[in-house]
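Colleague: As they're listed, the protein sequences go chains A and B.
Last residue of the first sequence? That's 365 in this note's numbering, and every number before it is there in order.
Last residue of the second sequence? That's 290 in this note's numbering, and every number before it is there in order.
Honestly, the hints are just simulated from the structure, not real lab data.
Hints may be right or wrong, so weigh each one.
To be verified - Residues from chain A that face chain B, not an exhaustive set, calculated with beta carbons under 7 Å:
(1) Ser66
(2) Leu73
(3) Leu76
(4) His77
(5) Arg98
(6) Arg99
(7) Tyr103
(8) Pro105
(9) Ala109
(10) His122
(11) Leu126
(12) Ser127
(13) Tyr155
(14) Glu218
(15) Ile266
C-beta: ideal position from N, C-alpha, C; glycine also.
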Amino acid sequence: MSTDTNLAIQTRALTKHYGKSGEIKALQSLNLEIKQGELFGFLGPNGAGKSTTIRTLLGFLHATSGSASVLGLDVVKDSVEIRRRVGYLPSGFAVYDYMSGREYLDHMRELSGRPSLLRHRIMEALELSDAILKRPVRDYSRGMRQKIGVVQAMETDPELLILDEPSEGLDPLMQRSLQELLLERVALGRTVFFSSHLISEVERICNRVAIVRGGQLVALESVESLVRFRRRRIEALVARKPLRLTASTGISNLKVEAEGKSGFRISCDAEASAIPAFIKRLQSAGLRDLLVEAASLEEAFMSYYGNSTRNSVQMAPETAAPRTSKKRSPAKRTPAKRVVKRAVKKRVAR
Amino acid sequence: MINLVLLRRLVRGHRIRLAVGLAVVVVWSLLFPVIYKAFVDQLDGRPTPPGNFSTLSGTISVGFIHPISIALFGILSAGLTVGSISGERQRGTLELLLSRPIPRRTIVATMMLEGWIGATLASAAYVIGTVIGTQIAGVTSELAFEQLPALFAAGTLFWGSFATFAIAASGSFDRTPPAMAITVGLIMANYIVEVLGSFWDVMEPYQFLSLFNHFSPEGILDQTADPAEAAIFVSLTVLAAAWAFYKFPRRDLAAPN
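One chain only, chain B, in its complex shape (with noise of 0.2 Å):
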């Protein structure tokens, strides 16, 4: 269903990508604890307000949805899956590709695999800047170090099923842009209503609809979220996968122009 010589290639082609990416990840989570005990510290003993930075756990959770997360993490998740098909189609590369004996599907499921190894290490990357960032502050005895299994394990799912989205998206289109368009709007239409939901009491009743609120890096390590909701995001992956496996094997692909 995989196939190696594909997504070795796949990979390759990602590695300047992957490796700057995973390293500013590293760098922008290892911040949150740091930032967490600057503010605790001006507290001076000072009764903490409400909020997420009162407490590391809510730090790291800002951190882990902050645009800049997102876009880091789209980049290395689903932008990696986003142009596959659609990318290849588009240079004329995909021709080639499609003259070797291996399935439509097996290309779909090899590409699928690259967004989904994209989330795993910007989730990996995410959890070792925090490590780091703990020790630097010094904060370490605060971190419930047992829930970041759950943490990078979220995460992973969380990206995963957008890096899906992406890939059926790419392949149902012979442009990237239109792909793109459709996998950045998905985000962005989850991320505003989200956020519109914190600020404004109109929304909040439709904040639910948001993947964003259904995913909560506090919850995880505060042990209150609900390891139901991880239902949600493996049925996006689901129907994802299901649209990318039955539509790219039936697709006429013409030639290109």
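Pulled out of the complex, with its shape left as it was, chain A reads as follows (with noise of 0.2 Å):
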């Protein structure tokens, strides 16, 4: 595979399947490109083959078909050489209990061969202090864990960080400063890719996101794309029935019903866009509650992709990216790329 150096991950038709005849399609041809000193978010479902495809870069899971670079390296054939230059947090991050966070750290250190450039630093940032170290990692809460998993991981200032949902666990002020944190590798030139279920998470530091959904790239974009097309939920309480709500563009699943004698309740979902407008509506209705509610990663992909995702288990990686994919002629369509088509013009249309 011809590999560009500016790449720090690149994958070419990168397919794996489990199971004795290969039953279970854990990844389905993906194609990705990262560039050097991007951060880039990795979402997806449980099983949509997030951890699939970083355990296939780190050399854990040997790929069915397909290639893959990391930091222009061969995956298969550099694999040490990658994981020299590479930190990595996995998802459920797992130490040896007889440690104690220093040794634990030294020990990992130690193993990757490297010195330690950042401990201090990101020890200061998740506020780890030197006596918490000295306890046995038997004794940690499941955060103080995910702390030292990303301390392992950055100590080094490693060329690549992957990072399998490196939140997990962690209070939200520590999801901050690790934001924080990784944003800060990313401006020295660093590159980070991190897989998240957090929709929010990526949105607020990632420049480009990936969605991937049964082993399939769904869509790549700017993580502005994605929260143009994101949707809102809102549930507010109003004391007259508003007039002309239904005609709203953007406004979706719309339901008012009547909350005893002291109003209406009105919930809907709301394109980004559509909400001040349906605000000011609600307002001249007489509005005494408002919930405005981000919507949750699934809803988020649905709302982008509409519902054919959910059966189009077959779906062609072409679809993945439909403002690039290549035409292709009526007749080769299969029904499922009908689908998807539909679903991308239903998208246009909005």
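Assembly of the complex is requested from the two constituent chains, each provided in isolation within its own frame, with the hints serving as guidance.
Modeller: Structure below.
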């Protein structure tokens, strides 16, 4: 595979099937290109193929077909060299319980064969004191262990950080500190590739985002594009029944129900651009209470691509990048692809 | 080929098991010369009946392949390696070990070496205990000191081969119980064949199939053992190591459950 040295990660038709006859399709023809210096979010529900992708990049899994490179090095031939230059935090991070935090970090650093350059900086940011590091790891809380995981991944200042759900177990303040640390590394030219369930986290810090589902890449977008199509859930209590609410653009799943004698309860999904106008209408109807919730990843994902992806397991990789996909003759389109095409049209129409 | 940082951590992780196990081996092995002396004293000049306890080397041999010895040596050799890869995998710590720039074969070789270190220390402990026991019992003149290095080497090779088998099993499974079952099964099957062959005529022709049949501390001390039998344990070691070096680097290691 010819590799672009400006790319931190590149996969070409990367496929991974499990089972004796390959019946479990964990990854299907994944194409990704992540530039050096990018902070790249990798989103998807459980079982979507995020961890499989990461594990293939690090050489834990062998691809069924396709190829991948990390920092311009082939993941099969140059696996050891890749691991020398990459920091990794797995999902569900586990430690040797009989060690103290410090012993664990020292051990992992020694195994990496590189000096610790950032330990104190990360410890400070994550509020890890020396006293905590002296305690046995078995006494640590879930969040504390996760912090240790973050330190071991980042302390040698690797060129590429691969983090599998790094915010797991961290409280919101620590999540924010971690995000700042990641932004700091990226500002210094490092690359961060991280998977997450949390769309808000990805929105806040990432340059670009890929969404995987069923082992397939279904979106590869800049964060702005993703946010534009992201919906919010609105619930409101108003005094009077508002007029012409159904006529609002960007509003769907609208429900207006009488709330005893006190007024009306209104619930709906709204696109970000439609929210200000919608709230004005609610105010004119005597707004008493308002809740605007960020859509879950699943909701955002569904609003982005419609319901077609729920059933279209065989969706082709080309559909993952509808803006760049080549025109194909109608005769070659499979029913699944037509479904996706309809979904894309629907999105464009919006 | 060996990662010293990893080896240090492995040994450290097993240090209590090693310390206690080796102490028990020393105590256990020093009992047999004492038992031999008590047995001879009880005979009080009468003709010695046939059997292992009629000679010091025979008594030492009984101690070496006694079920308690097998349990001790097993824990200190194969017991160290059987849960090395599969145990790390089960606990979820293998991921980070593999994320370091260490080839998988180096990990296998280092974990295998730890098993051999255990086998070496256990054999050394047995020999040391035997020497102490002969001093306590006052039968040092009957001990073939010049054969002790050979006994130590044979014990190391015998249990080292099981440790190698255990690492091959450990690298082949995601969980320790199957690896443990296969390793313990191998040791038990060989032991049962050996024991049955000693008591039951029907099984005697098949006794040669047991690895225990080719490990004779008594023969080593009496210089009647065939050194070529070591080739059997070398072969087991080579085959098991080849399997471990082949299998583990090729395995897919999916996310732990």
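Colleague: Would you mind marking each hint as holding or not holding in the structure?
Modeller: Right, here's what the structure says about each hint:
1. Ser66: Check passed: Cβ of serine 66 of chain A comes within 5 Å of chain B, closer than 7 Å.
2. Leu73: Where the cut-off is 7 Å and the nearest Cβ of chain B is about 6 Å from leucine 73 of chain A, the hint holds.
3. Leu76: 5 Å, holds
4. His77: 6 Å, holds
5. Arg98: 5 Å, holds
6. Arg99: Because about 4 Å separates arginine 99 of chain A from the closest Cβ in chain B, which is inside the 7 Å limit, the hint holds.
7. Tyr103: Holds, because the Cβ-Cβ distance from tyrosine 103 of chain A to chain B comes to roughly 4 Å (cut-off 7 Å).
8. Pro105: Where the cut-off is 7 Å and the nearest Cβ of chain B is about 4 Å from proline 105 of chain A, the hint holds.
9. Ala109: Hint holds; alanine 109 of chain A Cβ to chain B Cβ min 3 Å, cut 7 Å.
10. His122: With a closest approach of 6 Å, the histidine 122 of chain A hint holds.
11. Leu126: Cβ of leucine 126 of chain A sits 4 Å from chain B, so the hint holds.
12. Ser127: Holds - the Cβ of serine 127 of chain A comes within 7 Å of chain B, reaching about 5 Å at its closest.
13. Tyr155: 14 Å, violated
14. Glu218: Violated, about 25 Å.
15. Ile266: 40 Å, violated
Taken one by one, the earlier hints fail for this structure at numbers 13, 14, 15, listed in ascending order.
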